[in-house]
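Trainee: Chain residues, written in single-letter form:
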Amino acid sequence: MIDKVDKEKIEKQAKRIMDDFISVLDKVPEINQEFGQEREEQLRKPEKAEDSKEFRQRMFKNAPKVKDDCLVMEKKSW
Amino acid sequence: METIKLKHKLNDLKSGKIKAVDNVKYFLERIEKENKKINAILHINENAIKEAEEVDRKIKEGKAGKLAGLVIAVKSCINVTGLIANCASKTLENYEATFDADVVKKIKQEDAIIIGMTNMDEFACGISGETSAFGHTVNPAAHERVPGGSSSGSAASVAAGFCDLALGTDTGGSIRNPASHTGIVGIKPSYGRVSRYGLIDLSMSLDQIGPFSKDVYGAALLLEVISGKSRNDPTTFDKEVPKYSHFEDYEKLKEIKIGMSSDFEKLCKNKEIYNLVENAANLIAEKLNSKIHNVNLEYADLAVQSYYPIVYVEFFSGTRKLDGRKYGKKIEEHCGEEVLRRILGGKIISQAEFHGTYYRKALAAKKLITEDFNKAFKQVDVLICPVTPELPHKLGDKIDPKDAYAFDALTIPANLAGVCSGVINVGQIDGVPVGMQIICNSFNEKLMFDIMKIFEDLKLE
Numbered sequence: 026m027i028d029k030v031d032k033e034k035i036e037k038q039a040k041r042i043m044d045d046f047i048s049v050l051d052k053v054p055e056i057n058q059e060f061g062q063e064r065e066e067q068l069r070k071p072e073k074a075e076d077s078k079e080f081r082q083r084m085f086k087n088a089p090k091v092k093d094d095c096l097v098m099e100k101k102s103w
Numbered sequence: 002m003e004t005i006k007l008k009h010k011l012n013d014l015k016s017g018k019i020k021a022v023d024n025v026k027y028f029l030e031r032i033e034k035e036n037k038k039i040n041a042i043l044h045i046n047e048n049a050i051k052e053a054e055e056v057d058r059k060i061k062e063g064k065a066g067k068l069a070g071l072v073i074a075v076k077s078c079i080n081v082t083g084l085i086a087n088c089a090s091k092t093l094e095n096y097e098a099t100f101d102a103d104v105v106k107k108i109k110q111e112d113a114i115i116i117g118m119t120n121m122d123e124f125a126c127g128i129s130g131e132t133s134a135f136g137h138t139v140n141p142a143a144h145e146r147v148p149g150g151s152s153s154g155s156a157a158s159v160a161a162g163f164c165d166l167a168l169g170t171d172t173g174g175s176i177r178n179p180a181s182h183t184g185i186v187g188i189k190p191s192y193g194r195v196s197r198y199g200l201i202d203l204s205m206s207l208d209q210i211g212p213f214s215k216d217v218y219g220a221a222l223l224l225e226v227i228s229g230k231s232r233n234d235p236t237t238f239d240k241e242v243p244k245y246s247h248f249e250d251y252e253k254l255k256e257i258k259i260g261m262s263s264d265f266e267k268l269c270k271n272k273e274i275y276n277l278v279e280n281a282a283n284l285i286a287e288k289l290n291s292k293i294h295n296v297n298l299e300y301a302d303l304a305v306q307s308y309y310p311i312v313y314v315e316f317f318s319g320t321r322k323l324d325g326r327k328y329g330k331k332i333e334e335h336c337g338e339e340v341l342r343r344i345l346g347g348k349i350i351s352q353a354e355f356h357g358t359y360y361r362k363a364l365a366a367k368k369l370i371t372e373d374f375n376k377a378f379k380q381v382d383v384l385i386c387p388v389t390p391e392l393p394h395k396l397g398d399k400i401d402p403k404d405a406y407a408f409d410a411l412t413i414p415a416n417l418a419g420v421c422s423g424v425i426n427v428g429q430i431d432g433v434p435v436g437m438q439i440i441c442n443s444f445n446e447k448l449m450f451d452i453m454k455i456f457e458d459l460k461l462e
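In the order they appear, the protein sequences are chains A and B.
Start counting the first sequence at 26; every next residue gets the next number (the working numbering).
Start counting the second sequence at 2; every next residue gets the next number (the working numbering).
Please note that the accuracy of each hint is not assured.
[Stated by the list, open to error] Label-pair ranges, simulated between beta-carbon atoms:
hint: 1; chain 1: B; residue 1: GLU145; chain 2: A; residue 2: ASP94; range: 51 to 57 Å
hint: 2; chain 1: A; residue 1: ALA74; chain 2: B; residue 2: GLU249; range: 42 to 48 Å
hint: 3; chain 1: A; residue 1: ARG81; chain 2: B; residue 2: SER16; range: 38 to 44 Å
hint: 4; chain 1: B; residue 1: GLU287; chain 2: A; residue 2: LYS32; range: 51 to 57 Å
hint: 5; chain 1: B; residue 1: LYS38; chain 2: A; residue 2: ASP76; range: 29 to 35 Å
hint: 6; chain 1: A; residue 1: ASP76; chain 2: B; residue 2: ASN375; range: 27 to 33 Å
hint: 7; chain 1: B; residue 1: LYS270; chain 2: A; residue 2: ARG81; range: 50 to 56 Å
hint: 8; chain 1: A; residue 1: GLU72; chain 2: B; residue 2: ILE50; range: 32 to 38 Å
hint: 9; chain 1: A; residue 1: ILE27; chain 2: B; residue 2: LYS395; range: 23 to 29 Å
hint: 10; chain 1: B; residue 1: GLU391; chain 2: A; residue 2: LYS86; range: 41 to 47 Å
[Claimed, not checked] Stretch by stretch, here's where chain B covers chain A in the computed footprint (C-beta under 8 Å, at least three residues):
hint: 11; region: 29 to 37
hint: 12; region: 41 to 49
hint: 13; region: 87 to 94
Think of the hints as simulated: they come from the structure by calculation, not from any bench.
Source: prediction; values computed, not measured.
All C-beta atoms in this analysis are idealised placements derived from N, C-alpha and C, irrespective of residue type, glycine included.
Whenever a hint applies, use it, and build me the whole structure from the sequences.
Mentor: Listed below in structure tokens is the structure:
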């Protein structure tokens, strides 16, 4: 686990790297482009979830905390 | 068994001359004996022999698929039901996949046997294989050097003879870089060619799953199987998948236009690498009665600087699900330094996004690089260039993050442009393998494989 001091160092380094990179991109001319295009034919249709016993077993096995038929999660810190 | 060409081996498996069970046992023994040194495989499929028995039964009945009896290793960020998909991270240390990725479903349908899950850079964040939480992978072709990353274990598994074929992922060079360093074939397909459903993503707008093989035939056959439209991945295209493994006679490819770029040459720091690749390109050109044209890629030098802001922000977004509630542990508390750097950097960029300073600028540069490639492919049919600007560093060498990022300068452009690129070995420098990239336009993998096959045959002449 990375301690708080190192975490701050890493964060500053990440910011510095991004600033350096973006300053290089200053030479990029402004261009008009569309973001987030949606193509109707490529949208996924809603489907019924697969009801598999094996899937449920594996899902619960992966969960950190389980009680009966539920995943247990903390309150408030969301 | 190891030295048999894949096509011959597949024929032997399909005719029953080699049993699928024996093929699996052979590789399990190799892994048992050698993996402690190489550290390429993290998790073994305990059912592999049982699955091979079933394949042998199907072969006997004449009902086996295209990959009957071949043994495949899978990168640990691709879901295979019941196997550990830990992304080489403590965050997902014991995470057991609950479903098969689309690519896995396809290879199982064609009766290949998955032998296990491979080591990698943690969450695919790395260029050397050294950021894995479970120890670095050794390069089987040059033990004191890194094998490259992030698909370090998949490349090393093929190179060390732990499997017939392997699956990796490539976001900015993660298949091509280790393929080059370990002296094997590796393919980054066009964006949208292969479904990413079931891949634990690094950067969803750039990731692609692709094959590793010791020869061009193996890579072509595996890509043929995993390609195609999937309703689970809206970025896949409904385009025909040609028979990549049926190679065109070189006579039919005569006078195709081959390009190299002085813009790539400037980015290649080790001139010996560039010379090796240039000599290989000249051999291909001579065989095809073609000339090499210089192609202008004006914005190629901005690839690294535009790639990382995109990756940082998409990775930050993609890892928000790793909060330790439904599975695994909270990523920020259990990941390594490089993963944390990308998460924290991505968080900053997401905030700065409101001012349009980072992400949009990077996307604008990406568009210009794509246009560069569009123009290039109006002039030439294929582009040839080196894979990495330098030889892989020695294991344990301290590399500054920015220098490490620059290592992908020659591979990132193909990801940003969405085109396909294959790597094949061209020789060695100081005993270290060196690869070259054969880049073709989007969905033109057929031509890419045909050129790679010509070069593979030329090496044997």
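Trainee: Evaluate each hint against the coordinates.
Mentor: Hint by hint, here is what the structure shows:
1. Hint check: B:GLU145 to A:ASP94, Cβ distance near 53 Å, so the stated range 51 to 57 Å holds.
2. For the hinted restraint 42 to 48 Å between A:ALA74 and B:GLU249, the CB-CB distance of approximately 45 Å keeps it satisfied.
3. Hint check: A:ARG81 to B:SER16, Cβ distance near 42 Å, so the stated range 38 to 44 Å holds.
4. Separation of B:GLU287 from A:LYS32 is about 56 Å and conforms to the stated range, judged on CB atoms against 51 to 57 Å.
5. For B:LYS38 and A:ASP76, the hinted distance range of 29 to 35 Å is not satisfied, since their beta carbons lie about 45 Å from each other.
6. Separation of A:ASP76 from B:ASN375 is about 47 Å and departs from the stated range, judged on CB atoms against 27 to 33 Å.
7. For B:LYS270 and A:ARG81, the hinted distance range of 50 to 56 Å is satisfied, since their beta carbons lie about 53 Å from each other.
8. The hinted window of 32 to 38 Å between A:GLU72 and B:ILE50 holds, with their beta carbons roughly 35 Å apart.
9. Between A:ILE27 and B:LYS395 the Cβ separation comes to about 25 Å, which falls inside the hinted range of 23 to 29 Å.
10. The supplied range of 41 to 47 Å is met by B:GLU391 and A:LYS86, whose beta-carbon atoms lie about 44 Å from each other.
11. Closer than 8 Å: that is the beta-carbon criterion, and the region 29 to 37 of chain A has 4 residues meeting it against chain B, so the requirement of 3 holds.
12. Interface restraint, the region 41 to 49 of chain A with chain B: holds (6 residues with C-beta to C-beta distance below 8 Å; minimum three).
13. Coverage of the region 87 to 94 of chain A by chain B holds in this model, with 3 residues showing a Cβ closer than 8 Å to a Cβ of that chain against a need of three.
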